[in-house]
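Respectively, the protein sequence lines represent chains C and Y. Using the working numbering, the letters of the first sequence map in sequence onto residues 624 to 1110. Using the working numbering, the letters of the second sequence map in sequence onto residues 11 to 368.
Any given hint could turn out to be false.
Pairs of lysine-lysine residues, derived as DSBU-like cross-links and limited to a Cα-Cα distance of at most 35 Å, are as follows [as the list claims (entries may be wrong)]:
1. Y:167 to Y:108
2. C:866 to Y:263
3. Y:250 to Y:203
4. Y:203 to Y:262
5. Y:250 to Y:262
6. Y:263 to Y:247
7. Y:108 to Y:138
8. Y:138 to Y:255
9. Y:247 to Y:262
10. Y:255 to C:973
11. Y:108 to C:638
12. C:866 to Y:203
Rather than coming from a laboratory, the hints here were simulated on the basis of the structure.
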Amino acid sequence: MAEPIRTTLQEGSVKQAVIDQYADDVSPIIGVDNVSSNHIDLLSTCRDYWPVNSIWMLEGAVPALPQLVIWPQTTEEVSRVLALAHERRIPVVPYGEGSGALGGVVPLRGGIMVDLKRMNRIRNLDQENLLVTVECGLNGAIYEEQLNRSGYTGGHFPQSLRCSTVGGWLACRAAGQFSTRYGKIEDMAVSTEAVLADGTIFRGRSVPRTSTGPRVDQFFIGSEGTLGIITAATLRIWPLPEKRHLASYTFDQLADGLEAIRLFMRAGARPAVVRLYDGQETGNHFPELGDQRSVLILLIEGAAKIVHAEAEVIEQYVLDHGAVDTGPEHVEHWLETRFNISAASRLLQKGAVLDTIEVTTNWHNAHSTYLAMQEALNGVEGTMLASGHWSHVYPEGAALYITVVGFPGDDKITYYKKFWQAAMAACLAEGAAISHHHGIGLHRGQWMGAEHGQGLEVLRRIKNALDPQGIMNPGKLGLREVSKWEK
Amino acid sequence: MGEVNMEELLNCALCPNICRCECPVLQVSGREAVAPSGKARLAAMLQQNQLNWDEQVLEAVSNCLGCRGCTIYCPFAELSLCDELLNTRLTARASGVKLAVTDPYISNLRSYGSPYGQKNWSSAAGEKGAEVLYFAGCTSQANHPSAVESARNLLDKAGLSFQMIEEDCCGYPAEVWGDQELARQLAAENRRKIIESGASTLVTNCPECWLTFTNRYPLWGEELPLEVIDGPTYFLKLMKNGYLKPGKSKFKKVSYHDPCIWARAAKKVDQPREILSLIPGLSVEEPLSYGECTRCCGGGSMFQLSFPEKAAAVAKRRLGEFPDQATILTACPFCREGLLQEGRQVFELIELLDSVCE
């Protein structure tokens, strides 16, 4: 007989009688088949893609277990199930496809997991205004496929495209690989529809801009389920591009590549994809280029004449900084392999501890933050690799994405905490922001105070106003300490 | 019984699953437990004795259509999740756990050699000793005998002598439902009859029969000592060699649904299209996903019997990918059965061929 599953972070749970009564009461609302306390459903929704969850899985443990899983299908259903949970003070965690990288769905206090994948309709495609209204549970690749059928693109291609939902993108304030042209999810979201903890439904207006006070829609983007559940959004779309231009260049010095990017962004070029890899990552992803130079990957798309002009402007700046033209084939290789994350599964089974840490720098500290974080990570015993690349560039800076792999031996969790402490300390000391697009979840909450200062207090007051019972995704976004993890 | 490959299973269990968008049961149900990695995790936990078998666990790991849609984007070249789940399910019976819903069909297989509650009507027909043996399969015989008639007509029109045998089920349903012992018994009986027929070529229009003959029979020690050839390839060959001369079709616009097994396991995606290209005046339009990227009709792994509502939901989703007004063609009895809803016209390729060949 199997032993009962061990939980590592469970802070508590709701009395079973309360859960049972809740299940009885929501069954007529959403259908009895859409309410489950079945152990396999609890086990399947208790985790996301946080590497620590994977380490625990290999050790036969889970972070925490919910007590009930429900699958509402409409905004009104979400409203009614939340109102009941609010009334009975039952914790609620929204769930999409579980691709979050920081433990954002771990049900620390048990309660209800609201799996939103049945909310997967495209409600309206507004071709005149280039807007689509889509429900939160739609898979990203299927969303894009549906738009493509009508001649449009959503322009949002996170590495998790095929394993994440539209609601997940909004909840964690995601960014896609083509973001320099199309923007991040908050740029695409013209309006949101959200359900507050007490069941109140908020529906924003899909107008281009307003001067009517702070945009309430934006409160929910990046709230990671702590302020309510985003049930739908109206997003910008684009006609499928007429022309796509691929180019790659290598630089002798990483800093030269960064400077060339800064200058072509300053000049107004907006390629969809801009990725500058350090020597280690160039060698790993493009072995034919070796590991001594840095490769810059560029993808420009849109109207043919504009693409041609952007390519010319960009080429001028990169060649002026000593770049060597290495042709389009490396971009084609990247396009083919960009969603492949198989290395993590293999490395974890070999005893590795790994993660990716994405931070936001300005141009003045882009290179120094990279050097400082790399030095800090290499200073933690067990680290085998600390490599990096920049992507998601802006006129004022860029996202720096660090990959860490270590083989610490038995005490994997201690090593994991140590290298994150080192990386975050270096990042903050350089004045960079602690996350660009993975979000905060459970794990990164411990640095939210250092990141926001009094801003965190503002967030806490908003949280208390919107969710006075504290039922929405407890312990996330750094709104309170998670002592079982942070100690 | 195949061994579960733990390394590959864990590769899937530890992966966020860039295949999720291609898992039909996940997309129609929205349940994490039936996501590819959800099933892989449960299977891995069973193997590591972290979970006990019960009917809920078995139902979750049985929620695989065997469509191999998850392989389209899978980064693990050696991983076949549907095979790992199949091997996992085969260990359930030893623990005394089975899916109650499949009991009547297993019982039918024992009584009639077919899951459909009646004996297959195929008999030792045709010319005894003929080189070609046509194997119709249980599903066509039970649900769509006119497709079998079309195949026989085509062989007659080609002027070829052929034979049929008193068929038992190939064994595929018994195995997907976890009763490999029964599957092997059926295989042994079929093998005996096939050998006795003296045929040198076995043609089957059912992809599941083809897969079972070519993939499972050798594993069960029942390898068939003759060439096993799929219907699309065989009938295309007859057309190319002048045995079948197609005339004009009564259909104006058709769209071909690639059955998952033909497309992804057998890699037979060109043959059906070549057949269509040889029929004069036919306008062919592809559905949204096609070829090796086809999507399941909901009929894989006997879902039409074991999970009929889910099978219908998967089929409905797939139907939305076809052009309006097009007649849907396919080459699998399960696909035809699944896609026959919402007033769509669906035929098997051999029926079209029969109608255009003199």
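Structure-based check of each hint:
no.	hint	result
1	Y:167 to Y:108	violated (46 Å)
2	C:866 to Y:263	holds (32 Å)
3	Y:250 to Y:203	holds (31 Å)
4	Y:203 to Y:262	violated (42 Å)
5	Y:250 to Y:262	holds (23 Å)
6	Y:263 to Y:247	holds (24 Å)
7	Y:108 to Y:138	violated (41 Å)
8	Y:138 to Y:255	holds (26 Å)
9	Y:247 to Y:262	holds (24 Å)
10	Y:255 to C:973	violated (60 Å)
11	Y:108 to C:638	holds (33 Å)
12	C:866 to Y:203	violated (61 Å)
In terms of the numbered hints stated before, the structure departs from hints 1, 4, 7, 10, 12, listed from lowest to highest.
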